[in-house]
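A.B. asks: As a plain string of letters, each chain reads:
There are 4 protein chains.
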Amino acid sequence: MSLSIGFIGLGNMGGPMAANLVKAGHQVKVFDLNQSVVNDLASNGALAATDAKHCATDIDVLISMLPASKHVKSLYLGDTGLIHVLAKNTLVIDCSTIDAASAREVGAELGEQGIAFVDAPVSGGVAGATAGTLTFIVGGDDAHFSQAQHVLADMGKNIFHAGAIGAGQIAKICNNMLLSILMAGTSEAIQMGINNGLDAKVLSDIMTASSGRNWTLELYNPCPGVMETAPASNNYKPGFMVDLMAKDLGLAMEAAQQSNSATPMGSMAKNLYTMLQHQGAGSDDFSAIFKLFSKE
Amino acid sequence: MSLSIGFIGLGNMGGPMAANLVKAGHQVKVFDLNQSVVNDLASNGALAATDAKHCATDIDVLISMLPASKHVKSLYLGDTGLIHVLAKNTLVIDCSTIDAASAREVGAELGEQGIAFVDAPVSGGVAGATAGTLTFIVGGDDAHFSQAQHVLADMGKNIFHAGAIGAGQIAKICNNMLLSILMAGTSEAIQMGINNGLDAKVLSDIMTASSGRNWTLELYNPCPGVMETAPASNNYKPGFMVDLMAKDLGLAMEAAQQSNSATPMGSMAKNLYTMLQHQGAGSDDFSAIFKLFSKE
Amino acid sequence: MSLSIGFIGLGNMGGPMAANLVKAGHQVKVFDLNQSVVNDLASNGALAATDAKHCATDIDVLISMLPASKHVKSLYLGDTGLIHVLAKNTLVIDCSTIDAASAREVGAELGEQGIAFVDAPVSGGVAGATAGTLTFIVGGDDAHFSQAQHVLADMGKNIFHAGAIGAGQIAKICNNMLLSILMAGTSEAIQMGINNGLDAKVLSDIMTASSGRNWTLELYNPCPGVMETAPASNNYKPGFMVDLMAKDLGLAMEAAQQSNSATPMGSMAKNLYTMLQHQGAGSDDFSAIFKLFSKE
Amino acid sequence: MSLSIGFIGLGNMGGPMAANLVKAGHQVKVFDLNQSVVNDLASNGALAATDAKHCATDIDVLISMLPASKHVKSLYLGDTGLIHVLAKNTLVIDCSTIDAASAREVGAELGEQGIAFVDAPVSGGVAGATAGTLTFIVGGDDAHFSQAQHVLADMGKNIFHAGAIGAGQIAKICNNMLLSILMAGTSEAIQMGINNGLDAKVLSDIMTASSGRNWTLELYNPCPGVMETAPASNNYKPGFMVDLMAKDLGLAMEAAQQSNSATPMGSMAKNLYTMLQHQGAGSDDFSAIFKLFSKE
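Chains as they are written, first to last, in the working numbering: chain V, 2 to 297; chain E, 2 to 297; chain C, 2 to 297; chain X, 2 to 297.
One thing to keep in mind: the hints can contain errors.
Some residues of chain E that are not near chain C, with every Cβ distance over 12 Å (derived) [said to hold, decoys possible]:
{"no.": "1", "residue": "Asn35"}
{"no.": "2", "residue": "Gln192"}
{"no.": "3", "residue": "Thr209"}
{"no.": "4", "residue": "Glu229"}
{"no.": "5", "residue": "Asn272"}
{"no.": "6", "residue": "His279"}
Listed next, the stretches of chain C that the computed footprint assigns to chain X, with coverage defined by at least 3 CB atoms under 8 Å from CB atoms of chain X [claimed, not checked]:
{"no.": "7", "segment": "79-88"}
{"no.": "8", "segment": "92-100"}
{"no.": "9", "segment": "155-164"}
{"no.": "10", "segment": "190-202"}
{"no.": "11", "segment": "205-213"}
Simulated coverage check for chain X against chain C, where a stretch passes if three residues somewhere in it have a Cβ under 8 Å from a Cβ of chain C [stated by the list, open to error]:
{"no.": "12", "segment": "159-167"}
{"no.": "13", "segment": "171-184"}
{"no.": "14", "segment": "188-200"}
{"no.": "15", "segment": "261-271"}
{"no.": "16", "segment": "274-282"}
None of these hints come from the bench; they were simulated from the model.
All of these numbers come straight from a predicted model, not from anything done at the bench.
Even for Gly, the Cβ is constructed at its ideal location relative to N, Cα and C.
Based on the sequences and whatever the hints tell you, model everything.
C.D. replies: Okay, here's the thing in structure tokens:
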């Protein structure tokens with residue numbers, strides 16, 4: 002079923018996502034402050050919107066992919082927000098990774114105007130965006146989730162329904178906080194093995210086959226040389242940057258605080274990633290935390 | 002190939018391990034300070050040794066399964082140790098979980114007398130010991146590992162060669178330290194989700210299918226009700242006790258110190274498990290760390 | 002020099018603070034949503050304002066003492082804020098403990114209208130408020146600090162100038178974060194001594210005379226029985242509540258995040274205080290963290 | 002009262018300590034494996050012992066100042082130990098910083114032979130050793146403490162009685178663990194202030210006058226430029242080296258483990274100091290932990 006879709010925010014992630022919607026046969030109208038990426042997509046079958054308002058007019062679905070809460074709130078709310086432009090029953094899908102409170106605030110205000118909203122943060126990186134194999138973690142009511150699912154399926158492979166509006170954001174940062182713990186913990190366990198004379202590959206194989214098994218050991222070993230395709234073996238070229246993991250951990254710490262949750266392991270990981278940033282590794286892949294435990 | 006095997010230490014783990022060797026057709030001579038477990042095994046086909054020395058005489062292989070380093074050192078070394086009793090070329094397999102330094106010390110002293118030694122700590126718990134599906138992580142030279150492998154295969158399923166003598170112990174505690182980090186991290190991530198209105202099962206499913214995936218989410222979910230067969234859903238009946246995890250983390254902290262390794266996540270986990278013990282949960286399953294993050 | 006002072010927020014702290022201004026001879030107009038505390042002060046020489054706007058009219062100085070950022074922002078800013086009521090050149094002294102960003106925001110907006118602003122969070126508790134011995138940590142420009150100093154001197158003993166607007170808040174939470182670290186660290190050091198057979202008083206005396214010396218050992222020993230006058234010896238009756246320390250640590254974590262500061266010790270303390278809250282100790286004195294490390 | 006004193010271990014600390022005993026009028030017989038330091042002291046009035054046994058003969062008191070437990074145990078115990086040489090009623094004062102268990106072991110074995118023993122670890126560094134202003138923290142029974150006090154008074158200023166044998170060691174590492182927490186906590190609090198625009202000196206002054214006050218703020222500010230005489234203002238030239246603090250924290254972690262104490266703050270500090278060592282700062286003053294939190 003072909004839809005008329007607006008897409009705002011055509012960065013490293015948003016660009017290829019919009020391109021996949023074009024390929025899937027939708028009519029896609031695109032907007033970004035960077036005109037050159039708009040032109041690129043326009044030359045590949047998208048319509049170039051003249052501004053955000055234009056992009057949000059005469060569409061079934063509006064997708065946004067922006068850097069942070071303030072951009073999302075400013076796009077939709079306030080005197081100049083799209084809330085005054087969007088037609089009733091339009092479905093808004095915000096794919097940005099932002100704090101859940103902001104997602105709930107935007108969703109509630111749009112809802113009062115009869116505009117549907119789901120938050121749908123992604124994981125899978127630029128590679129997944131390009132290949133159309135992203136994971137979407139969606140928050141919103143059942144009917145809106147069903148609608149969104151059809152569109153998201155043209156950009157991704159796994160589409161989860163986490164709960165009400167905001168739940169997509171919460172589930173994503175719970176996952177990413179846990180991922181940072183797995184990465185830090187796996188790194189220090191391998192380093193301790195090395196420091197005691199073990200071979201990193203042998204130890205990794207043993208733990209992968211034992212109760213230490215986790216996503217980082219299976220697919221993303223942080224020790225250089227253990228896994229040929231992992232960023233660690235490619236000079237920690239990202240992949241998923243330290244700076245982005247630090248941003249997600251910031252959102253996790255905010256969520257922990259707002260809900261008065263105890264997160265000693267997550268807080269530890271947050272501080273380790275902050276120290277890694279201070280050492281100048283912000284643009285490295287997040288598995289570079291391995292180096293923080295190294296003796297050299 | 003049937004062997005003559007001595008087995009010392011017939012506790013919750015050692016008893017069923019020895020029984021499996023009997024079933025496999027070996028001639029098994031057993032000893033423990035607790036006479037009743039000796040009698041049990043004797044009535045099932047084992048020979049009852051009169052003491053440790055008797056148990057260590059006229060055998061091909063000696064297996065020991067003892068609580069701590071001091072028991073292992075005192076069994077083998079010193080004026081009254083089995084080092085004076087064991088025949089040259091006997092293979093000693095110590096399945097106890099002890100510090101690597103002690104394993105190396107015992108292995109080196111036995112080696113000087115021409116007695117072969119491997120350290121082969123296990124994981125898999127009482128259930129694995131009974132079913133004969135234990136995992137053994139072995140340290141020792143290649144030839145001794147090959148010999149040991151044949152015997153261990155009658156008690157377990159996965160047999161890893163981690164490296165030289167002591168490497169079995171190091172690899173096991175690296176794994177168990179990582180496991181404690183996975184369990185603590187998974188617990189606090191799920192609790193933060195719950196505190197923000199998410200359903201624990203939905204969140205667990207999402208993370209299992211995402212980059213937060215790890216052994217605890219797959220097989221041992223710490224949140225009551227998510228996984229029917231997990232200890233969490235059975236009032237945290239172990240399983241693998243908090244006290245045992247605390248012991249293994251103690252060995253991990255010792256190894257970290259001796260090798261001057263930085264283990265911020267492992268140290269955090271160690272302190273959390275110590276606080277859990279102080280709250281009276283020492284005999285609960287180690288997934289009970291979930292309760293430490295609960296708001297009650 | 003007698004001034005005309007408005008005072009909004011007459012809680013446990015604000016009430017006695019306003020009373021001290023009356024005693025010092027100022028003309029004090031007071032307002033609170035709780036009418037009974039207004040009446041109390043009125044019967045002791047204050048003028049009862051009918052509402053916040055009334056309280057902010059015809060005065061030289063306005064002081065506010067409110068629970069959180071949202072109350073402060075809503076009092077001063079927005080369509081109904083006092084920003085539309087306060088006369089140019091009035092000096093606003095906000096004694097609330099809030100995040101620095103909010104303090105800067107309020108200060109900047111008032112400044113644009115020619116209204117002077119300093120943030121002046123306090124320490125010293127209800128006892129200090131009553132005795133007029135509070136410590137004020139002030140942020141604002143030099144001229145405004147000088148003005149504020151004269152008023153604050155009638156409510157407190159130590160008045161520090163930390164820097165520009167917002168610096169008062171930052172300095173206070175840096176101090177309180179450090180205090181939480183001192184309290185947690187002192188508690189675990191004493192507990193470790195006790196667990197190794199030392200007498201808590203003897204150990205405390207030794208550390209007080211050595212390089213472990215700190216404010217908590219000198220004035221506020223967390224171990225029951227060591228210091229007769231400390232909350233620890235009075236069943237942890239506050240004093241300064243766990244809940245309030247947790248709030249301040251929340252502000253510290255926010256400041257750390259906004260400035261991308263690494264605070265591993267502060268984060269550890271924050272998580273320990275959160276766990277203490279979850280154990281039901283929120284209303285105990287903050288030295289009750291001592292119990293978190295206890296074996297019983 | 003002049004005594005005949007043997008002194009073994011004439012390093013950076015032991016050398017000046019022995020020299021002060023000579024100055025105080027005692028007859029001092031000295032021994033070290035390094036013959037040149039023996040000669041130095043001999044040329045200043047000490048007697049040069051030919052070996053440890055000679056040093057331990059015909060004396061009232063034997064003092065030892067050695068690097069680690071293994072040296073102390075090997076000096077006193079075993080087939081070649083001084084236990085076979087020392088006369089009954091000799092008082093042995095071991096000033097080494099070692100684990101309490103080893104101190105208790107040595108004390109117990111000597112005690113069985115009627116030889117008195119106290120552990121008396123020091124603080125105050127080389128400067129204190131030279132000036133005769135060391136602090137001694139003593140473990141042993143009351144009578145032996147009284148005896149020791151007279152000798153120690155010639156080398157130090159503060160002499161504390163912590164409890165039974167081993168208590169000196171425990172009290173010292175409790176204090177030094179707490180000191181590491183104060184230093185790390187003070188460093189991150191000041192860095193957070195700086196990152197938020199505060200002046201380090203102003204913030205330090207405020208916290209010194211408030212509840213954040215502690216030994217490091219008063220005497221040893223870790224921020225360069227705040228305190229002219231502190232190592233921080235002298236390129237972190239020690240003072241007390243990172244490597245030595247890491248050693249003491251290692252002893253603290255051992256004591257925590259043996260007594261099953263929860264030490265989350267101390268463990269955090271230990272890991273931070275280990276990471277600092279890995280960054281090549283082992284020979285810097287321990288206040289260099291300030292740099293670990295810096296943004297560069």
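A.B. asks: Look at each hint and say if it fits the structure.
C.D. replies: Do the hints match the structure? See the list:
1. Asn35: Correct as stated: the minimum Cβ-Cβ distance to chain C is 30 Å, above 12 Å.
2. Gln192: violated (10 Å)
3. Thr209: holds (26 Å)
4. Glu229: With a cut-off of 12 Å, Glu229 (chain E) remains clear of chain C, as the shortest Cβ separation is near 27 Å.
5. Asn272: Nearest chain C Cβ is 9 Å from Asn272 (chain E), so the label is violated.
6. His279: The claim breaks: His279 (chain E) does not keep its Cβ more than 12 Å from every Cβ of chain C (closest is about 5 Å).
7. 79-88: violated (count 0)
8. 92-100: violated (count 0)
9. 155-164: With 5 residues in contact (Cβ-Cβ under 8 Å with chain X), the coverage given for the segment 155-164 of chain C holds.
10. 190-202: holds (count 10)
11. 205-213: holds (count 7)
12. 159-167: With 7 residues close enough to chain C, the hint holds.
13. 171-184: Coverage by chain C holds here, the residue count being 10 at a Cβ distance below 8 Å.
14. 188-200: Coverage by chain C holds for the segment 188-200 of chain X (11 residues, Cβ < 8 Å).
15. 261-271: Since 9 is at least three, the answer is holds.
16. 274-282: This one is violated; 0 residues, fewer than the three required, reach chain C with a Cβ under 8 Å.
Of the numbered hints given earlier, the model fails hints 2, 5, 6, 7, 8 and 16; all others are met.
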